[in-house]
Amino acid sequence: MNTKLLKLLNKDSRTSEKDLATMLGCTEEEIRAEILEMEREGVIRGYKAVIDWERLDEAYVSAIIELKVTPKAGYGFEEIAAKIMRYPEVESVYLMSGVYDLNVVVKGRTFHEVARFVAKELSTIESVTSTATHFVLRRYKEMDVELLGDGVDERGSYLL
Amino acid sequence: MNYEQILSPTVQELKPSGIRKFFDIASTMQGVISLGVGEPDFSTPWEIRKAGILALETGKTRYTSNRGLEALRREISRYVERKYGVSYQPETEVLVSVGGSEGIDAAIRALVCPGDEVIIPQPSYVCYEPLVRLTGGVPVILETKAEHDFKVTPEELRKLLTPKTKLLILPYPCNPTGAIMERADLEAVSAVLQGTNVMVLSDEIYSELTFSGSAHVSAASIPGMRERTIVVNGFSKTFSMTGWRLGYACGPEPILAQMTKIHQFAIMCAPTTSQHAAIEALRNGDEAVAAMREEYDMRRRLIVSGFNELGLTCREPKGAFYAFPCIRSTGLSSDEFCEKLLYSEKVAVVPGTAFGQGGEGYIRASYCYSTEHISEALSRIGHFLETIRK
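Top line first, the protein sequences correspond to chains A and B.
The first sequence runs 1 to 160 under this note's numbering.
The second sequence runs 1001 to 1390 under this note's numbering.
Do not rely on the hints blindly, as some may be mistaken.
[To be verified] Taking lysine-lysine pairs in the DSS-like style, the calculated list, with each CA pair at most 27 Å apart, reads:
hint	chain 1	residue 1	chain 2	residue 2
1	A	Lys18	B	Lys1346
2	A	Lys141	B	Lys1050
3	B	Lys1015	B	Lys1151
4	A	Lys107	A	Lys120
5	A	Lys4	B	Lys1083
6	B	Lys1050	B	Lys1060
7	B	Lys1145	B	Lys1015
Read the hints as simulated data drawn from the structure, not as lab findings.
Use the sequences and the hints to build the structure in full.
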């Protein structure tokens, strides 16, 4: 049941326990217990809304920063990653294969704010050897959710 | 000109689908939420679409042989054997058609002469009766009952058999009831037909959409049935390929030979792009189908339990993608229920009577919709019931 339940929650974490139980053919108690256990085990780390910020007047920009770093002997990349992820501006941090090491997604209110954060904070960290900043211009799909269009049902035939 | 005098009386007497007008109204209203559509909401799996694109890119844009691409007929033969354990010669016993619909039409035209009786279980899909009338055949309706899970029972079948009976239609898994015929049910039908010349047209278009561990049993797989059965199937429902218009018919060589003649003169061949895509679907589509089936199953549980909680008794549909709840407790007829529901809560469902008089007292609700959509529709129906029960 685990994987199926996780898939459903991943699609819509607000689905009621009752509906989850119906869809998976078990009891609401079982669903509650399962979710609680996965939260305790750290499999489920949180629940968030998918927001299309462009539809609001709210100022919002984000950028993907490619970092090259010199890992410290004995610590690998963990120490530097732990340091970077503590900044509230940082949305995600990934260790990458390929030509650079860390992929950092940074958000802010303006391009200027993000640029300043990269210049003043990220690039001055001792083991960071270079940064490349890519600003996001438009979001088409976020966390499996399409942000464009209004999902009009094109199916026209009612002739059964 | 007086067209009424010119046009064929047989055609003019065919009733247009009764719900057309109803849904024309629905389409002009704002904010209508529908459970009316009988086609998958999933797009065709990408690998299958890619195979269609590749066929176009490499210029495979000509007619195929009348029967369909040889490679596709071989795949159909393998698929049917692998899934349902019935073996057909790809050269002579398989015909690739324009959707399952054309296969049904060709089979009826190949068999039914004026005056021949064709037994049609109802409630069922709307095409059988008009197609039989076009050949001059006489539709004989077998009304399936809720207490028999909308199956064809041997007793009812026996009552309707006459020396004029030419053909029995078996539309299972059934649109709109969701009923399936299990092995024992089919064996009972087979026993009734033994010793007669009655043929069977088994419309198995929903064969891959069965639930609760009830794997589909093809009518042709029952001992003694293969020689009297034409199986029609297709790609629309299983692989979410409705717009590709592709299906197939399998059956004994002498019958398929005549159906192929009809197909050759009326259609020439099924769409070439679709045929290339279909080869990919049969070879590598199992995983995508399993994922869709799992999704349908969750929606099915959600909608069935929703109707039952609202007090609209809904039997478990074991196949296809429709729930068929009983609305008699409201005191309304099916048509009234659907019309009032549309006007007051803007929810569109199909009256059971659209599928034959035996559908009175029922509505068909498709679950080819997202769970959010289904939940919203159910909550509106709940509100509707509160207002009419006051």
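Give me the numbers of the hints this structure contradicts, sorted from smallest to largest.
When the structure is compared with the hints, none of them turns out to be violated.
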